[in-house]
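Enquirer: When we follow the numbering used here, the leftmost residue of the sequence shown carries the number 162, and every step to the right adds one.
If you're looking for bench data, these hints aren't it; they were derived computationally from the structure. Among the hints, a few may not be true.
Distance windows between CB atoms, simulated [said to hold, decoys possible]:
hint, residue 1, residue 2, range
1, P281, P314, 24 to 32 Å
2, R382, S248, 32 to 40 Å
3, L213, I191, 26 to 34 Å
4, R441, L245, 16 to 24 Å
5, A299, M266, 25 to 33 Å
6, S306, D284, 16 to 24 Å
7, R207, V182, 36 to 44 Å
8, S306, S233, 18 to 26 Å
9, R261, D397, 35 to 43 Å
It should be emphasised that the depicted structure is a prediction, and the values quoted were computed from it without experimental measurement. Ideal Cβ placement from N, Cα and C applies to all residues, glycine included.
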Amino acid sequence: MGAGRACLYCGGREYAAFTVVELLVVISIISLLLAILLPGLEGVRRRARQLLTAANQRQIVAGVSFYASDNSQHYPASVARVGLARSWNWGEPFILSSPRTYVPMRTNRSIAAYLQPYLPGPDVISCPCAPGKSPLLAEFWAGGSTWSNPGMPSSDGWLKGTYCFYWSYEGLVGGKPLTGPYDTLGGAGSGRLLTSCYLGRNSARSGDAFASCQPSGRPQRSVGDCGETDFWTFGDGTLAGIGRITATFHAGYADGHIEGYSAADTVIMDVILRRADVGRAAVPYPCEPKLTGQFLIPAAAVE
162 MGAGRACLYC
172 GGREYAAFTV
182 VELLVVISII
192 SLLLAILLPG
202 LEGVRRRARQ
212 LLTAANQRQI
222 VAGVSFYASD
232 NSQHYPASVA
242 RVGLARSWNW
252 GEPFILSSPR
262 TYVPMRTNRS
272 IAAYLQPYLP
282 GPDVISCPCA
292 PGKSPLLAEF
302 WAGGSTWSNP
312 GMPSSDGWLK
322 GTYCFYWSYE
332 GLVGGKPLTG
342 PYDTLGGAGS
352 GRLLTSCYLG
362 RNSARSGDAF
372 ASCQPSGRPQ
382 RSVGDCGETD
392 FWTFGDGTLA
402 GIGRITATFH
412 AGYADGHIEG
422 YSAADTVIMD
432 VILRRADVGR
442 AAVPYPCEPK
452 LTGQFLIPAA
462 AVE
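Start from the sequences and build out the full structure, keeping to the hints where you can.
Expert: Written out as structure tokens, the structure reads:
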């Protein structure tokens with residue numbers, strides 16, 4: 162037996178044992194292999210989540226299109242109409258359920274109320290790349306139009322998600338109205354974008370940063386309250402910083418196709434604070450103080 166090698170005795174037999182040096186070599190090799198393999202495995206998981214994101218949006222587009230085919234080719238009214246009576250205005254497009262107040266033309270306060278028959282469950286409307294999903298999501302989905310947020314009993318509350326929904330929605334791009342599709346016929350002034358991943362900047366939650374359900378760079382987890390879902394924040398939220406976002410986003414369109422896009426392929430959409438009226442253009446939420454923030458939507462939606 163070689164010098165320096167210890168011996169083990171078991172059952173009257175002699176076995177060669179590993180030396181400390183040999184054990185260290187084996188551990189080093191295993192550590193090196195893990196260092197090589199783990200980033201690759203994370204890349205595989207990331208691509209799998211991206212595929213699931215696209216699959217979710219494909220189901221959402223199909224579901225809301227089936228709804229339209231059952232309702233004279235009209236998409237449902239947006240639940241992002243918020244406010245009181247006829248003084249209502251627009252909220253963020255990722256609203257899943259709005260407070261129980263009367264708003265003209267808002268036939269439902271929850272998207273669960275009209276999408277339940279057309280989607281397999283609530284996980285489809287939650288981005289798998291987000292750091293977490295709302296613990297109220299299943300309860301919200303089951304409750305439909307009668308659901309009330311238990312954390313906001315005075316107003317029945319709201320719930321906000323990680324995908325944006327643009328059917329029958331209105332925003333401002335470059336100061337001009339952007340209208341989501343109202344029907345499958347694609348009439349004048351009707352857009353094509355139905356849904357997309359959330360990407361925004363400079364909101365009350367994100368501060369001077371970007372926010373999204375998709376991580377980029379060195380993201381930080383922004384934990385939502387009882388009415389909001391967790392998402393990622395990253396970067397400095399500036400226009401110059403848009404080009405440094407590395408994440409891939411997805412969007413679904415009225416013609417049924419799902420498309421990936423980068424942050425560089427987006428335009429900025431403002432949420433409308435005051436709707437247009439006779440002799441008055443629509444007014445967006447201000448950049449300061451930070452409230453709804455601005456949404457970065459695929460440029461293809463306005464082409």
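Enquirer: Does each hint fit the structure? Answer for all of them.
Expert: Hints and how they fare:
Against the hinted window of 24 to 32 Å, the Cβ-Cβ separation of P281 and P314 comes to about 30 Å, which satisfies the hint. Against the hinted window of 32 to 40 Å, the Cβ-Cβ separation of R382 and S248 comes to about 36 Å, which satisfies the hint. At roughly 31 Å, the beta carbons of L213 and I191 sit within the given window of 26 to 34 Å. Separated by about 20 Å at the C-beta atoms, R441 and L245 satisfy the suggested range of 16 to 24 Å.
Distance hint for A299 and M266: a CB-CB separation of about 29 Å, consistent with the stated range 25 to 33 Å. Separated by about 20 Å at the C-beta atoms, S306 and D284 satisfy the suggested range of 16 to 24 Å. For R207 and V182, the hinted distance range of 36 to 44 Å is satisfied, since their beta carbons lie about 38 Å from each other. Take S306 and S233: their Cβ atoms lie about 21 Å apart, and the range 18 to 26 Å holds.
Between R261 and D397 the Cβ separation comes to about 38 Å, which falls inside the hinted range of 35 to 43 Å.
Of the numbered hints given earlier, the model fails none.
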